[in-house]
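Trainee: One-letter residues, chain by chain:
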Amino acid sequence: MLKNKGIGYWMCTAAAVIALALAVVLFLFWKDMMGTSINDGYIVAIVLLVAVAVHVGFSFISVRFAAVPAVALYMTAFCLLLLRIADAVTYGLQDKGNISGGNATACITVAVFVLICALISVIACFFSQRKEEKYLI
Amino acid sequence: MKTNKLWLGLTGIMTFFLTLMISVTFLANNYAGYINDFLGLNASSLALKGSQYADENGNLAAGYAQMLKDSYDFCIQEEEEGAVLLMNKDDALPLKSNERSVTLFGSNSAHIIYKSGAGGPAPNGSDTRPDSPDSRVISMKEAFNGAGITINDTLYEKYQDVTKWNIQSSNEAGPTFYTSAIRNALDKNTPAIVLLSRFGTEDTDPPKGAMQISQNERALLKLINDLGYTKIIVLLNGPLPMELGWLEEYNVDACLWFGNPGYYGLPGVVNLLKGENAKGEKITPSGKTVETFASDSEGAPAMQNFGNYTYTGDGGKYVVYKEGIYVGYKYYETRYEDKILNTAKVGNYDYAKEVCFPFGYGLSYTTFEQKLDSVTYNASADTITAKGTVKNTGTIDGKSVVQIWARVPYTEYDKQNGVEKSAVQIAGYEKVAVKAGETVPFEVTFDRYLLASWDTKFGNGGYILENGNYYFAVGNGAHEGLNNILGADGKSGLIDHEGKTYTAAAGTAIMRTGAELGVKGDIDRDAYKYSRYNTKEQVEVKNEFPDADVNYWANDNEKVTYLTRTDWEGTFPTTMTKLTANDKIKTGLNMAVYKAPADGPKYKEGEGTVYSVKLENPIVFSDMKNVPYDDPKWDTFVSQLSLNELIVSIHDQRSLAGVPSIKLPGTALVEGPEGLSPKFTMGDQSAATGFPTLPTVTASWDHAIQTEHGNRLGEEALFCGVQMVNAPGCNIIRTARSSRASEYMSEDGVLSYYSVSNIVKAAREKGLIMNVKHCFLNEQETNRQRVSTFSNEQAIREIYLKPFEGALTRGHGLGIMTSYNRIGLQYAATHATLMGTVLRKEWAYMGSIIDDALNPDANYCSSPDMLHAGTDIFCLDGGARHDQTIKNWIVNNNDGSLLKDLQEANKRIFYVLMHSSLGGAVDETTDAGGGAKWWQTMLVGIDAGFGVLTVGAAAMFVTFTYIKKQKEAK
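Taken in sequence, the protein lines are chains W and X. In this text, residue positions in the first sequence follow our numbering: the first is 1, and each later residue adds one. In this text, residue positions in the second sequence follow our numbering: the first is 1, and each later residue adds one.
Isolated chain W (complex conformation) (with noise of 0.2 Å):
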């Protein structure tokens, strides 16, 4: 399965990985991170999985196009989540005690890898999902 991948495939199998390092601590952390307020922040966490599973997908479905998806995904992740941390970093920003909780520098810094994984998609569609270019699709 792995053999004759091109970079293309190591660089979204590399954002797959923190990825999925990302959903973990999601799962387990959301609520601390994004304060008692928001009720469905594993939400996100879910997406992370699904670019991950359409990552794995791929790795047996070559298509040339891959790296496309992850890049929807990743940031349709980073969305819910920014959307769900803007509370908690913008009272985190002020310096300001919130009831609900939350913690603006882990909110700040999970963005901040979500992005990263987005990026490296991108960077990834420049380059070969094979080193020879044999595709599905």
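Derived from the structure by calculation, the hints contain no laboratory data. For clarity, every value in this text was computed on a predicted model and none was experimentally measured. The beta carbon of each residue, even a glycine, is placed where N, CA and C say it ideally should be. The reader is advised that the hints may include incorrect statements.
Claimed, not checked - Pulled a few chain X residues facing chain W out of the computed Cβ check, cut under 8 Å: (1) 15; (2) 19; (3) 23; (4) 27; (5) 29.
Assemble chain X onto chain W, guided by the hints.
Mentor: What follows is chain X alone, placed relative to chain W:
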């Protein structure tokens, strides 16, 4: 790079930016109100009517310059009328005509605390540093120079580099700052003006000891003495009462408190120092203190329970107001009286050592003699009128504050049944102008109701008046008023606040019996048994906050005894460091208790009949003008709205969005107690005026000044296109470290009652709805969110609720904000008794209630609980939104009952808006707008653009990868 890879890469890039911009669009729309506020788009162009500056067509533009000038001039007048002269030995002030050069000491003279910064306008000018020529903010240097007085520029410029004050410290420059170069530049033959600052603001209380003079301040005063300055004047900047027992020690000749002057008020302070205003007219200080200046502020009863206390067995926080009614002067003066009366258990108490300057005290450059000639009761109006005269016995024209102090009977019944009575209380006041040598009459009328005391224990509890001797007196502050009463009562051994023997002058106090004041029987429980405001139904005024008393919850071994004058020594508050979170408390701390009633109406069944009703003749907002609150047309009007429309008006993000289907325009909802936060929508579009803060306004003890303050805010609101403001603050300055003091009025419930009602009424007459805040028991910033605040019913009724009562009744206010804290254990925004019974029934309140900005939280800020209890508007409704939470609740629980609550909330909001300047401006042609703002359209355009680019890049990739290759293969 192969072309197809290039296009794939571009597809990836465009996908990245497309989804990024979609993220930004969603986020921005979620916070649309704040963005509109930042861009100045919330302002309504409809709020045009009612301004005194409008032309005959109601246009404001031509009057803008005059409005602004009048506001700035009023800032100066507020300082001239509100600054308090605490000490003035040998007529040190006003400065003599040959004293036109002074040495301005105090590093914060170059860093004035203009306002607390917690809620209000920004300074104006492209360069907002006060001494910048581009700034309109008036610095001390500019204020002095503008009055023709020079300061030591060398020293002032050096002070610019010193770190300014913060919440922890005044950061006064240390001794090493005063190098020989600086000392050599000083002129000891000029008056030394020493400015000392104390800062308080939202979110953090100053640390213990913050009101004490610091080592560096002592060093500075010593230096000034060592340098040989012969005239030393201290200026106090900030709302908090600094401990001033050191004034004599450092040979201070005069001391003037001026609070926070706002951005433009400092010339008023300097005018007072000079004794002359900009027109060359002689002026004299006339303000009176609004807080007691204690010698040891940390020793005050309230201070013993102020700060951070954690439940044992739970991480939650609490604070217990063990002092009961004995807040501020009520403690100091009552214990003094008991000392004079030689009451048992009064303990070792020396008033002169406890108090530097009493509540209500202030001097003038002239002297006045006040006489009280008569006190009469008007039974039909239930008012008491005190009449007398004021003689200006000095040589300067001036204004004299006539304060009517009252002492109500303290009976055996009270002692047996825990009805505490302050030795003296303020009943009413007026400020009169008196030319030198002249005598003018005064008349002060006040409600007899304000003399009633709360009896918690008898029956259901309630206000009482008792038979006995009621004394009324004039006096310069609470202490002199009390001394005049004690003198009239034949008591001896009286001392003033300096410890000197005091002899009450004849004609300064009058006694009236209870019968003369219409008191029926020994204890009149009927006078105020029922609400005096609700004309539609008879509402008994009774104990409503038994669970705000810690003894309701505490284990037997942790119950408290509130401070009582029957035993000062034994009940002086100790710090309640331990309160066990027993099972009752743990259960009580949970705020999410609302459940959809099983037999209640169902949401889904109500479509078309209860909500989303299609009327044959649709009703729009302008059709509701002049419709009374109880008219069923309001219900019909609201029934037209869908659920999505019903949640629009409860969602505040510095504005309430419009509802196009009923042609309701959007509303700006701004801050704050120190002036309006937005910019004007016309002229130079500068920021609204930063006025002197509320303690200074209240310290004028002048109904006219307080009223004009409200009028100015109302005018500025018209020029800003604003209908609602979260202001003024009505909490009590309970201790000398109550950090938001600049947003509040005073330590006394009745003085605050008068001041806030004057402001609110005047503002409302200009169409500005003021959400007075924070209701209630929010007197400390420490743990303000979620803290369980305990107090007894008597203190609640007589002190902490009194300003809010004034705002909504005497002031006819239509807006109120609940507080962050718990009242007892009940979060204020979920307190159905507060909102539904006290506000709506007792006070017959018809306005809207807004919470204090907190995100939805399952355990505390439960959205359905808040709405069901009576919260109408959710303040600063952020990312995790109350409006969406409520909508989801109603749909998911099929909850027609909460839908009904939502409709009621909308009705109140629309009613309030109709009585704002918005209502004055709308008519049948009003277009509610409601469309997307320009930035929203721009974002959608950018999204679409990136969408096109993404599709295009993808198409090119497909072309080069698949289509072209197929053609080549063929």
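Trainee: Hint by hint, note whether the structure agrees.
Mentor: Results for each hint:
no.	hint	verdict
1	15	holds (5 Å)
2	19	holds (3 Å)
3	23	holds (4 Å)
4	27	holds (5 Å)
5	29	violated (10 Å)
Going through the hint list in order, the structure does not satisfy hint 5, though it satisfies all others.
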